[in-house]
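Mind docking these for me? Both chains are given alone in their own frames, and the hints should help you get the complex.
One letter stands for each residue in the lines below.
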Amino acid sequence: MKRIIAILLLNPMSLLGVVLVSAVICGAVFADWIAPFPEHRGAVVDFSNFNQPPNWPYIMGTDLVGRDIFSRILYAYRISLLLGVVVLVIAVPIGVISGLAAGYLKGWPSFVIMRITDVFLSIPPLVLAMSMMGLLEPTLINGMLAVTAMWWPWYTRLVYNVTRAEKQEGYVLAAETLGASTPHILFREILPNCLPPILTKMTLDFGFVILIASSLSFLGLGVQPPTPDLGSMVADGAKYLPDSWWLTVFPGLAILVAVFGFNLIGDALRDILGAES
Amino acid sequence: MQRHKKLVLGGVAAAVMAVTHAVSAGGVLRLDEVAVGELDPGKASDYADSILMFNVYDTLVLPEQGGPGLVPHLAKSWEADGNSYTFTLRDDVQFQSGNPLTADDVVFSLERMQNLGQGLSYLFAGVESAEAVDGSTVRFNLSTPYAPFVASLLRLPIVDKALVMANLGEGEGEMGDWGQAFLSQNAAGTGAYTVSSHNPQEETVMAKHDGYFLDIADAAPDTVRLRYGLEPATVRTLIAQGEHDISSQWLPPEVLKALAGDGAQLLTEGGTGAFYVKMNTTKPPLDDANCRLALSHAFDYDAAVKMIAVTDDISQGSAASGAVPVGMLGANSADNILKQDMDAAKAALEQCQYNPADHELELSWIAEVPIEERFALLMQANFTALGFNASIKKLPWALFAEQVSKPENTPHISQLFVNAVTGDPDTLLYGMYHSGSAGTWQSPEYLNDGEVDSLLDQGRTAADPAARASAYSALNERLMAIAPTIYGYDRQSVFAASTRVKAPALSDPAQAFGLDGMGFSFRLMEVAE
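Line order of the protein sequences matches chains U and W. So for the first sequence, our numbering puts the first residue at 1; every next one is plus one. So for the second sequence, our numbering puts the first residue at 1; every next one is plus one.
These are calculated hints, taken from the structure and not from any lab test. None of the values given here were measured: they were computed from a predicted structure. Beta carbons: idealized from backbone N, C-alpha and C, even for Gly. Where hints are given, some of them may not hold.
Stated by the list, open to error - Here are the simulated EDC-like cross-link-like pairs (lysine to aspartate or glutamate), alpha carbons at most 16 Å apart as the crow flies: (1) Lys306(W) / Asp46(U); (2) Lys393(W) / Glu137(U); (3) Lys257(W) / Asp243(U); (4) Lys393(W) / Glu362(W); (5) Lys394(W) / Glu137(U).
Stated by the list, open to error - In silico contact screen, one side only, chain U against chain W (beta carbon under 8 Å); selected entries: (6) Ala43; (7) Val45; (8) Asn51; (9) Leu64; (10) Val65; (11) Gly220; (12) Pro225; (13) Pro226; (14) Asp236; (15) Ala238; (16) Lys239; (17) Tyr240; (18) Leu241; (19) Ser244.
With the rest of the complex left out, here is chain W (with noise of 0.2 Å):
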């Protein structure tokens, strides 16, 4: 009887439990990304970083929702002077700690990824200098002109110097470790979102910040739980089983497919990036540009297109018509779509010098994304067709990431999904491209072409669009004819989520914001309870 009493109470404990856990469940939303999720926004460069930093960090401008364009956000206004351009700040943002936002805090962010040079710091490598001219004005100056200054602006998170610098950690000079220790762990932004805990292999949990500047409507979420590394298969039952709201982009489109058709919906972001097959410009047999054209003329790019389309009307991508996206300044119209052409293949690789026997070209692909497997037996497929040899590698996102830092260890073929972080040309090309940006993970081409180079640079410093257009055009041309990329598709993200999830940025064109990531932003998003 005592037993059975003790099982009663049990029962009663568990329902109250499970009662009050469902009340506090309400507005909680949950999603995925692949691991590692880096909270330091000096460092921010990938899609989990991302969505991190554009909900616990603010920036000085946002894009304009549904159109190309930027609208002030930190900044009330800004005006440009020849090289130096002037932002006056609001007056009514408090960071999560309570302090006021100041010019100070502007110029301290600048000098910190100036510094650390990590992530998108080459972003601001032209920038010589920023002052505060008063509390709330403050003034870049640029060493040369600079066109989508204001745009890259997007990808300088304002930090909170005040916190920053009570918590520095050791290192060199009197910046120590410029806080990297503390942010690495911790918030301090001006966010709609704090940080309630951060594991970068796990999980980040947080939580809508009271005092944000602007209001945050009820509906948003209360808590967001960002997981990192869950298996296809677990999403998939997850979101199934309604324990999960908003799937990562990197689930394969089979499983988007049967999650839509239990009713999930699916939402998408894109227009500023694309597939990319990318080739390590100096191992042999690659480091000669006719046995590169040959492999880009031989890649099957319907298969490509084919292969990533979820339902009849969303599709992961559409074909590519050249080194730049459709859409984007310099790109080709988008009826001339990149196609199979292995007589054009042949005839490139006679005059390469290398014989395609001897060599063993290393395909690689990224664990985390189970569809670059399949990427990979197509090519092993269209290159062993040529007279390759072609092995696959399975890599971990965070082993490739390190072994791109030398040329010598990245592999032949690199498979990656780039997108301009500002959505200029910009700054998607020039950190893939340009001689001086080799050795990330977005460029394990490791070019180095002069002609190249000097169209990147035109690019930026033009300061007219039409100018601009042209250097873009020029730009794509050479690539093509240097094939240091196999331009796979052009790319839209999509992800599958519940239906208790309203994501307006990532579900209406209207309210779009043309940056990858940004659509992520939480507190434009509605959770039902």
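This is chain U alone, in the form it adopts within the complex (with noise of 0.2 Å):
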């Protein structure tokens, strides 16, 4: 673990990742110190500063009903860092146990689970997160399942097929003749060595929730206002440019951050935990 560490902070790229990760979460957690509006998340109006261009003490602008974009940031990351662990605290466990059972047993468990994966993998995942808005309100939890619900497959197909690789080696095959039960070999000896991809994803995909929840929150499915929300900030920006470029850049900036940030950590832990492996 402390080489892991080591080397993530000893190559620039990576450390870029920690330093940009740790911003993002740092301004989430601290927010109701660091933001200098906090009041500004929520229903509130100032309409003697409204659509100002970054200047102090609005170093990102006012959106255009007075309030300080910089303090919205910080708080819609609440909200996207929020939204990234729950959706793969539940989606992670789903998958992985899936996967597990799928690849390890034989016959119609595997066949059935495999092929509901498919049926989910073959919907684009946007369009299935859309429709399952449109029949449910449009709220922060129904935000997160119907991401939840496009999620979990991918891990239900990495575990399988890292579950199909690992059941043939000799440890395994040992555990078996030693009459060891099908969950202490699913649990103690498969799951420990599929847990390197699996940690490598999620740091990948945590910032692919981000974007997705961004992309719902843009085409006005997601968290409602007057949540901040760094999707929706961008949307109602956006028919203000080129002149109220703020409104959109700074947000946009944000997204950016954070799923960069995300990528190059998830880069790094690849090629460790790939390389040990």
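As structure tokens, this is what we get:
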């Protein structure tokens, strides 16, 4: 573990990733102290200061009802990170368990699980999430459900492939010969060997979940106003391009920073863990 | 080498095409509006529909330019005798099909409007019958006195009976569908512009009608392209690049300001309507007038007026003084402007039977009108200060228009721009507040108030202008007391236009029509080559 952290910090690209991600997380966690106008995350309007280009104290300008864009970005990160965590916390266990089962068991259980994931994978992810959000009310919870629904099959696929390879290995055969139970083999023997690719994929996915959630709210299907959200900030500001550029550029950059940061770390982890296994 | 030759030839061809294109592009006017563009004149109600209607069809009368009153148009003259009105038609008018205009066409147009019962047909509910006295004389018989009757004829486009009868679609009775299928795609008018192609979601292309009965200036556009549903940022870029001529009025003030800063001219039209925040009076807590009063006192009128300023001189509106726009019959004077009053709001709320925290108000805004999102946020801040919960909902226009047909689907709060469709207060207020006209996009209040109904009836039946004025003043007072609507501001439409366009009816007050949409009579515009 120490070695992984050391490598992450020594490589300039992954170091940049660590810096960006730490900044995003710190900004979100300490938003109440960092944000110059914490009240601007709620139902507040200030028409004496609306549509201001970046200046002091509004370092990223104000939006069309006079709210500080910088403050709103920090609070929007909270929503994005929360969404990323919740989606992965739900999607990864479902995907891992179903993938292990499908990869290790033979016959119809494997067939049924993999065909169900095929059905989910055959629908373009954004279309699936959009149709779910169209049926349900557009709220944060439903947004998380929609993104989760499109995310777990990828983990099933990943774990299934690794399990298929691992179950031919000597240590699994040995455990079977010694009479170990199926759960023991799945979770104690095979799962630890699946962890490196899962971890790598989770780090990469964290950025993509943020991106997909932003796309959904860009389309008006995400968090509802006045709660700040990066995607809807970009969408609202897009009508005022190119004159009021700060309405779109800063929230857009904020998405870029978060996604880019998680991707850099994910790439580095893949190299490190891939080389290990 | 062979390949080079081909390239050169291709280049020459492209250059030739570019040159011919540049020549034929002279006289094209390009503008945009919100979808859907309803071409059937019997169904026209919103701004896009009105632009189509006023150009493809003609009416018996027109508004006087630069002042109140009406002037003859398809009619040469008219006289009123009690409840009957007799019009003498011009004899030199031909439809775009070549058929001559006769009194039969006028009768048919009225009957079609009444039978369809859509759009602004409620204006003609009190017309008992129309008869062709002879080929060029038509008489309307009203069942009850209706003071603004002649003005309402501004909304009776005359349809080519013979052409429609030849194209009836399937339907009940001998009139089939009254030509709805045909008229939603084709023109059958006498208007100055014919329809070359029409897609209600994308674009209507119109061309100058050579046989028009009035002279059209050579500089008037030969071709008009009316596009639907363009994004504000797209319009902003297209006008700046000289690819677009007149914007819709729905651009946010910042975009208009930016365009004016780039050298575009600002055209205006107004004085007959207002911005309304309409409350669904059938849904708790808004079925209690005290709760509605509380909201209307809590609304920040100053912020609204500040928000819509485009430049120092031009704004999308001015402060409201009551339920009737300043300058109209029954209006309060302009110095009685409405103001936010939180104390009055709290006092009204105490009288309300509901606890605000128990209810969530759904604040809707029309997706095609970005500034409404800001009003939604403003109201969210204002209303939560009173203790209400408020959620914001974005609704595309087409979906909104569908939802308001049922009170239970209609949001608590709808934001609308409504105009007096003939310039008379009757055509502004009757459609919004009479219990019989509830459930259209103009009337999401679903107001059902006996006093309002009777005052509206008095206003339309009284013959004496002073009696009408007092009825509308009383109505104004009643509406302010029961607050079905928050009267945001009196409205002026502002359009950004490239300098190659001259539109006197939208820039010179002495030539303005005082009727929304009529300023877009393309025959009166000029386009530089």
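**Study point:** Numbers of unmet hints, in rising order
**Key:** none
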